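Got chain A; can you put chain B on it based on the hints?
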Amino acid sequence: GAVVSQHPSWVICKSGTSVKIECRSLDFQATTMFWYRQFPKQSLMLMATSNEGSKATYEQGVEKDKFLINHASLTLSTLTVTSAHPEDSSFYICSAREGEYEQYFGPGTRLTVT
Amino acid sequence: KQEVTQIPAALSVPEGENLVLNCSFTDSAIYNLQWFRQDPGKGLTSLLLIQSSQREQTSGRLNASLDKSSGRSTLYIAASQPGDSATYLCAVSPSNDYKLSFGAGTTVTVRA
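Chains as they are written, first to last, in our numbering: chain A, 1 to 114; chain B, 1 to 112.
Bear in mind the hints are in silico, worked out from the structure with no lab data behind them. Nothing here was measured: the structure is a model prediction, and the numbers come from that model. A virtual CB, placed ideally from N, CA and C, is assigned to each residue, including glycine.
Listing some non-contacts, in silico: residues in chain A with all C-beta distances to chain B over 10 Å: (1) Ile12; (2) Lys14; (3) Val19; (4) Ser54; (5) Glu63; (6) Asp65; (7) Lys66; (8) Leu76; (9) Pro86.
Subject to a maximum C-alpha distance of 30 Å in a straight line, what follows is the list of computed DSBU-like cross-link-like pairs (lysine-lysine): (10) A:Lys66 to A:Lys20; (11) B:Lys99 to A:Lys20; (12) A:Lys41 to B:Lys99; (13) B:Lys68 to B:Lys1.
The shape of chain A in the complex, shown without the other chains (with noise of 0.2 Å):
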């Protein structure tokens, strides 16, 4: 089955720091990757989509400047969490999609920023 993991499982930075989420692919090409939100008991929020080559869209209400996406591959997104804060702490889940097939999920990164 498709598999999509995301390194690191867990990070903890201070206020003020940059962290670096990857998100890959590992067995199929994903065309289009997408990065979620998810907060102690609340839903996903999609935060984004990306397109390998191409430049991301946000989902309205998320800062472009703080949550940088790279989408440099067709194996390979990244998220990278610039200037962290305390609220920025949460659990970030992504996923990824070949063509039109279902999206797979990988297993989340929780953020803590102190």
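Positioned in the frame of chain A, the structure of chain B alone reads:
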């Protein structure tokens, strides 16, 4: 804007009992609906995907129905087991771009 609601928020049942999880959505113009399972601190596992033209999907002990006109879907889990304990999420997509709108989930506990 699509709103997805899941009731109840939490459910606790003894092992062997059947589970009924509800999902409602405000905009009936959906492309498909998907049910996921999420274990604590983990990502999502897709359980069932129902296209808008379908009424139900089945996989093993799981059965999901879809009534698009009334904006409802129900996930049935037969003969529940402790291993079924997890949070179950419902999500709808408005088109084949698969931009999903999620409900907040129903957290299920199956007591041995």
